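Letter by letter, the chains look like this.
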Amino acid sequence: MSKKAMINITIDGVKLSMPEGSTILDAAKKENIRIPTLCYHEDLCVAGNCRICVVEVDGWHTLAPSCSTPLMEGMVIHTTTPKVRKARKDIIALLVSEHDTQCTTCYRSTNCEFQALAAEYNVDNAVYLSVLKPNIELDRSSWSVEKDESKCVRCQRCVRTCAELQKVNALAVTRKGRHMKISTFMDLPMNEVVCTNCGQCIIHCPTGALTERRYFDHIWDAIGNPEKHVIINTAPSVRVALGEVLGFPVGTRVTGKMVTALKKIGFHSVLDTDFAADLTIVEEGHELLQRLKRAIVDKEDVALPMITSCSPGWVKFIEHMYPEYLQHLSTCKSPQQMFGAMAKTYYAGKMGLDPKNIVSVAGMPCAAKKFEANRPEMKSSGFQDVDAGLTTREIAMMIKQAGINFLELDDSKFDSIMGASTGAGVIFGATGGVMEAALRTVYEVVTGKDVPFKNLNILPVRGLESIKEATIKIEGCKPEYSFLEGVELKVAIAHGLLNARIIMDQIVAGKSPYHFIEVMACPGGCIGGGGQPIPTNNEIRQKRINAIYAEDEGMPIRKSHENPEIKQIYKDFLKEPLGLKSHHLLHTKYTKRNRY
Amino acid sequence: MKEIQDVVKNLTDKYGSKRESLLPILQGITEEQNYLSSEAMLEIARALDISAAEVYGTASFYSFLDTVPRGKYVIRVCRTIVCDMHGKKQIVKTLEDLLKIKVGETTHNGKFTLLETNCLGWCHKGPCILVNDDIYTEITPAMVNEIINKYRNK
Amino acid sequence: METKKIKRVDFIFSQDFKVSEVLFNTFKKTRDEILQEIIDSDLKGRGGAGFPTGLKWKAAKEDKITEKYIICNADEGEPGTFKDRAILEEASQKVFGGMAICAKVIGAKKGWIYLRGEYKFLIPHLRKEMAIFHDMLHNELGFDFTIDIFTGSGAYVCGEETALLQSMEGKRGEPRNKPPYPTNIGLYNKPTVVNNVETLVLSMMVVKIGAEEFKKLGIQDARGGKLFSVSGDTPKSGIHELEFGMLLSDFVEEFGDGDTKAVQVGGASGFCVPRKKFDTTTIGYKGKLKGTSLPTGGSMMLFNSSRSMYNVLHNYLEFFAEESCGQCTPCRVGTQQLLKGIEAIKKGEKSHEYLEALLSLSETMKLTSKCGLGQSVANSFSSIVENFREEMIY
Numbered sequence: 001m002s003k004k005a006m007i008n009i010t011i012d013g014v015k016l017s018m019p020e021g022s023t024i025l026d027a028a029k030k031e032n033i034r035i036p037t038l039c040y041h042e043d044l045c046v047a048g049n050c051r052i053c054v055v056e057v058d059g060w061h062t063l064a065p066s067c068s069t070p071l072m073e074g075m076v077i078h079t080t081t082p083k084v085r086k087a088r089k090d091i092i093a094l095l096v097s098e099h100d101t102q103c104t105t106c107y108r109s110t111n112c113e114f115q116a117l118a119a120e121y122n123v124d125n126a127v128y129l130s131v132l133k134p135n136i137e138l139d140r141s142s143w144s145v146e147k148d149e150s151k152c153v154r155c156q157r158c159v160r161t162c163a164e165l166q167k168v169n170a171l172a173v174t175r176k177g178r179h180m181k182i183s184t185f186m187d188l189p190m191n192e193v194v195c196t197n198c199g200q201c202i203i204h205c206p207t208g209a210l211t212e213r214r215y216f217d218h219i220w221d222a223i224g225n226p227e228k229h230v231i232i233n234t235a236p237s238v239r240v241a242l243g244e245v246l247g248f249p250v251g252t253r254v255t256g257k258m259v260t261a262l263k264k265i266g267f268h269s270v271l272d273t274d275f276a277a278d279l280t281i282v283e284e285g286h287e288l289l290q291r292l293k294r295a296i297v298d299k300e301d302v303a304l305p306m307i308t309s310c311s312p313g314w315v316k317f318i319e320h321m322y323p324e325y326l327q328h329l330s331t332c333k334s335p336q337q338m339f340g341a342m343a344k345t346y347y348a349g350k351m352g353l354d355p356k357n358i359v360s361v362a363g364m365p366c367a368a369k370k371f372e373a374n375r376p377e378m379k380s381s382g383f384q385d386v387d388a389g390l391t392t393r394e395i396a397m398m399i400k401q402a403g404i405n406f407l408e409l410d411d412s413k414f415d416s417i418m419g420a421s422t423g424a425g426v427i428f429g430a431t432g433g434v435m436e437a438a439l440r441t442v443y444e445v446v447t448g449k450d451v452p453f454k455n456l457n458i459l460p461v462r463g464l465e466s467i468k469e470a471t472i473k474i475e476g477c478k479p480e481y482s483f484l485e486g487v488e489l490k491v492a493i494a495h496g497l498l499n500a501r502i503i504m505d506q507i508v509a510g511k512s513p514y515h516f517i518e519v520m521a522c523p524g525g526c527i528g529g530g531g532q533p534i535p536t537n538n539e540i541r542q543k544r545i546n547a548i549y550a551e552d553e554g555m556p557i558r559k560s561h562e563n564p565e566i567k568q569i570y571k572d573f574l575k576e577p578l579g580l581k582s583h584h585l586l587h588t589k590y591t592k593r594n595r596y
Numbered sequence: 001m002k003e004i005q006d007v008v009k010n011l012t013d014k015y016g017s018k019r020e021s022l023l024p025i026l027q028g029i030t031e032e033q034n035y036l037s038s039e040a041m042l043e044i045a046r047a048l049d050i051s052a053a054e055v056y057g058t059a060s061f062y063s064f065l066d067t068v069p070r071g072k073y074v075i076r077v078c079r080t081i082v083c084d085m086h087g088k089k090q091i092v093k094t095l096e097d098l099l100k101i102k103v104g105e106t107t108h109n110g111k112f113t114l115l116e117t118n119c120l121g122w123c124h125k126g127p128c129i130l131v132n133d134d135i136y137t138e139i140t141p142a143m144v145n146e147i148i149n150k151y152r153n154k
Numbered sequence: 001m002e003t004k005k006i007k008r009v010d011f012i013f014s015q016d017f018k019v020s021e022v023l024f025n026t027f028k029k030t031r032d033e034i035l036q037e038i039i040d041s042d043l044k045g046r047g048g049a050g051f052p053t054g055l056k057w058k059a060a061k062e063d064k065i066t067e068k069y070i071i072c073n074a075d076e077g078e079p080g081t082f083k084d085r086a087i088l089e090e091a092s093q094k095v096f097g098g099m100a101i102c103a104k105v106i107g108a109k110k111g112w113i114y115l116r117g118e119y120k121f122l123i124p125h126l127r128k129e130m131a132i133f134h135d136m137l138h139n140e141l142g143f144d145f146t147i148d149i150f151t152g153s154g155a156y157v158c159g160e161e162t163a164l165l166q167s168m169e170g171k172r173g174e175p176r177n178k179p180p181y182p183t184n185i186g187l188y189n190k191p192t193v194v195n196n197v198e199t200l201v202l203s204m205m206v207v208k209i210g211a212e213e214f215k216k217l218g219i220q221d222a223r224g225g226k227l228f229s230v231s232g233d234t235p236k237s238g239i240h241e242l243e244f245g246m247l248l249s250d251f252v253e254e255f256g257d258g259d260t261k262a263v264q265v266g267g268a269s270g271f272c273v274p275r276k277k278f279d280t281t282t283i284g285y286k287g288k289l290k291g292t293s294l295p296t297g298g299s300m301m302l303f304n305s306s307r308s309m310y311n312v313l314h315n316y317l318e319f320f321a322e323e324s325c326g327q328c329t330p331c332r333v334g335t336q337q338l339l340k341g342i343e344a345i346k347k348g349e350k351s352h353e354y355l356e357a358l359l360s361l362s363e364t365m366k367l368t369s370k371c372g373l374g375q376s377v378a379n380s381f382s383s384i385v386e387n388f389r390e391e392m393i394y
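Residue numbers (our numbering), protein chains in the order written: chain Z, 1 to 596; chain F, 1 to 154; chain B, 1 to 394.
Among the hints, erroneous ones may be present.
As the list claims (entries may be wrong) - Straight-line Cα separation of at most 27 angstroms, DSS-like style, residue types lysine-lysine; simulated pairs:
1. Z/Lys30 - Z/Lys4
2. Z/Lys181 - F/Lys18
3. Z/Lys589 - Z/Lys567
4. B/Lys7 - B/Lys208
5. B/Lys7 - B/Lys236
6. F/Lys89 - F/Lys72
7. B/Lys28 - B/Lys64
8. Z/Lys264 - Z/Lys228
9. Z/Lys4 - B/Lys28
10. B/Lys171 - Z/Lys167
11. B/Lys64 - Z/Lys3
12. B/Lys347 - F/Lys102
13. Z/Lys83 - Z/Lys133
14. B/Lys110 - Z/Lys89
15. Z/Lys29 - B/Lys178
16. B/Lys346 - F/Lys14
17. B/Lys178 - F/Lys14
18. Z/Lys167 - Z/Lys567
19. B/Lys61 - B/Lys109
20. Z/Lys589 - Z/Lys356
21. B/Lys61 - Z/Lys4
22. Z/Lys167 - F/Lys9
23. F/Lys9 - Z/Lys133
24. B/Lys178 - F/Lys18
25. Z/Lys293 - Z/Lys4
26. B/Lys236 - B/Lys110
27. B/Lys7 - F/Lys125
28. Z/Lys181 - F/Lys102
29. F/Lys89 - B/Lys347
30. B/Lys29 - B/Lys7
31. Z/Lys181 - B/Lys178
32. B/Lys277 - B/Lys346
The hints are simulated quantities; they were obtained by calculation from the structure and are not laboratory data.
These figures come from a predicted structure and were not determined experimentally.
Start from the sequences and build out the full structure, keeping to the hints where you can.
Structure, rendered in structure tokens:
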């Protein structure tokens, strides 16, 4: 790699040498100078729209936006002069004048970048006349994403997220001048456009303009209703991120405290989505083997590669963007929906409950799970399988509302039944985790031996690289899988819908070399989901991922098919993977949707 | 009226189907159909393989690319200062009375839409109006009648 | 103060030479020689900003990427400006010639005229003239360069060169962050020179008569002549080609109606000069001159004492609030605040002291807006408010 030229500058009196191409903001960060920003986000390309990060540069007639101004040799930069402070204050005051400043009733209050800035600069609410547009209607059409234009600061972070990270472009900048606003095609409601519900716009929004649809009030009501049996299952990513909102450092695992808190809130049973993740692996692993057999032995024209279907944002994406390729999706429901279907059948039976009185809640790192729970086809128990999906943020909100001192809580274990889990279920939360869990099981089903990686850790499928691949040679097959002897199983993992599109375009072009692909809608996988604590960036994603793998390492059982409750459930209820009952309760169909 | 697919196809044949073809295509549709319908924008999105929201976001930026139905003849009255000084208000009033619509509206028969627009570049000959692509300068209320009749009978 | 008496010039529309001959003679010179002539002439962009044309060409010429473009900016949208339309109607061959010279210098094979949608009626004429030009250029001079037309669709901000490029790329006309400048990263990321219509004609004049001759006209920092679009309260509305450096008082004497109380120099984004400052204001780019010198794209709007300067400012501010692209905060919200603010003061809802807050805001807009549009709103705002304060309040 060629070494970049160095640029010499002075920032707030300190001489500094930075690589060519660095911005003023980079230099400030290096010197630990915090320049306030709003439209800037580490995940996204630089926009230079809000102008809050302006600084003074000697010899310049105008102030320089630090996020978008490249360093030039000899530049002398001042980040906090009276001129700079006045400009920033004016700009914040302008944004305030365009904003619905009813912070008291805003869901993002106290976790709002804009509110913090206005407070930091001590901006008077009435410097300028209000130019907030009258009669703005809240868009609550989507099950997942709520859009409130009156809170929008037009930083375009959502638009860039939707375009750059996800390449969905459901949101766009429309109109110009005083009428400019973030909107959808023809200003249609969010449920009528190509939105995948991934919620990445929510975690990149600095204000309360984009939030998840909130359902916790309904849950409180259900808990207070003596006729209802309210259960919750929590996804692996929740336990490694929930602590961030409740006073713990990023990357802290709070599994035991979370379970205690949810019990205190009054859930009758606190269960583990990991259990359903293990169930998913067993079903999906066998589905993969069945597809491979049909392709290799029966020479059938079966859709390969097979792609995971755990991520509802991804599922809606492929339904919109590649409706002709839905047969590549595993027919397995996601863990959330498997859990829901089992809760109102198997669990109800075991507990002697009438399923109509069960309120099944899913605690998820996800916005799209809310939509998924409300898909019309998700009623295989005879009831709505999942009554509500809550985000990590909503769970934190409930814990706060209950007046629980989370920091001081003792640990508890998940309830049974459907509370047992394995390390394989846990790693579902990180990109590559589903693949790793599946390989641990599939390899052993086929060969009777451990997957050939040290300590079961399949390192090539881990990490934040955009698309990861691995090849595993299958050797020593059991007789019934002899057709796989010597086969090099090729797998790939994509996270973020931008990468999903690359993987899909390969399939469309007939050039996909893979047998099995894992796709997660959100960058980093579920730990970076649209329902996770705000902020989320790569540093935070990596810390949550580390926590996930630490949790896995500490589990006594680390393979899905060895989960004792899973074994039990096949014995008592499902009989066999891909069996008749599985087919009815655990598998699903997909819907073709419009692409544009 | 031609099927929208054909209209878009003709335009992509002429201008190509890359992103940079978007403006000429939007202009072509506007010329042919007076405005950009949802169907037209969806078809363009398909043809260029970009999201419909982007097509709409781009179209709505430009004041000559209308995304609401417009009349066959769009009358744009220059509202910039010099035309304003030279009697633009009376011209608007005359047009409103004559067409029985307000600025921003379209006649019931779909023939005329009345709009105001920013500087048309004829300040030395104000007031001026643009009817589709035709410019009329130094107009008086009396001339308005004549101009409108010309299009009425077209 | 260096000034010149009003002097009429006849460069732009004169018919006393053939474009083909000028090109033939110019193409005999090296690229560096031609460029040097342009640099020496001190020719500055006639769109209003006044950037030295030679430096722009030089930057594009020196870029290592081989594919380059030249774009003629005919998105003339500044209120009170109509000279580019006249040039395209009457002297299009010279515009094409200027583009070809630039193409020769920077090494471009492709050029466009970005024509504002309001001037669409010019297209048949331009196409016809362009065919004649291409025939001459390709067949007589054997020079590989082709011009096309790109039509805008009603957006003032597309006159800003990076917004223009965005628009040509099929996007919203939102100005880009600078640097990088278009001369390095322009249309489709290729080095691109964007020049105003009049600038291109003048660059052809420079190579024809030579830098020395060209520099004899005008004053220090503002060489040559300029087309002025004169409108408002004047018996001589129209386009006038005048030497740079005249005193505004001389201009008013020539073009006023005897009752001129203010001249808006440079359109809505320019400056308002009240009667008392006519004889201390020179028309030319800002430089080392003493006194006030005002740069201009050539818009001169005259107002007599029957006009309300509140109405004038209100009209400009409505224009800006509509035509801002809306992406950056100071321009999008600032324009609305200035507009709403003067309305509130006029209605008595805000005290006249609020004018100070608005002036201070306009200064922030100047310092922090992303492009020239937002930065220049303060020009007309502060010059009108400061000079006609009573009219704003009562």
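Given the proposed pairing of B/Lys277 with B/Lys346, does the C-alpha separation stay at or below 27 angstroms? Holds, at roughly 26 angstroms.
Agreement of Z/Lys83 and Z/Lys133 with the hint, judged by alpha carbon distance not exceeding 27 angstroms: The hint is violated at about 30 angstroms.
Pair hint B/Lys28 and B/Lys64, alpha-carbon separation not exceeding 27 angstroms: Judged against 27 angstroms, a Cα distance of about 24 angstroms means the pair holds.
Just to be careful, I want the Cα atoms of B/Lys7 and B/Lys236 compared with a cutoff of 27 angstroms; is the pair within it? holds (15 angstroms)
Distance restraint between B/Lys346 and F/Lys14, which requires alpha-carbon spacing of 27 angstroms or less: violated (53 angstroms)
Check the hint pairing B/Lys347 with F/Lys102 against an upper bound of 27 angstroms on the C-alpha distance. holds (26 angstroms)
Taking 27 angstroms as the top limit, are the C-alpha atoms of Z/Lys167 and F/Lys9 close enough? Cα-Cα ~25 angstroms, so holds.
Does Z/Lys356 lie within 27 angstroms of Z/Lys589 when you go C-alpha to C-alpha? holds (24 angstroms)
Next pair to validate is F/Lys89 with B/Lys347; report whether the Cα-Cα distance is within 27 angstroms. Measuring from Cα to Cα gives roughly 22 angstroms; hence the hint holds.
Hint check: B/Lys178 vs F/Lys14, CA-CA at most 27 angstroms. Holds or violated? violated (34 angstroms)
Restraint status (C-alpha distance of Z/Lys167 to Z/Lys567 at most 27 angstroms): violated (41 angstroms)
Are the Cα atoms of Z/Lys181 and F/Lys18 separated by 27 angstroms or less? holds (26 angstroms)
Of the hints listed earlier, those the structure fails to meet are numbers 9, 13, 14, 16, 17, 18, 23, 25, 26 and 30, in rising order.
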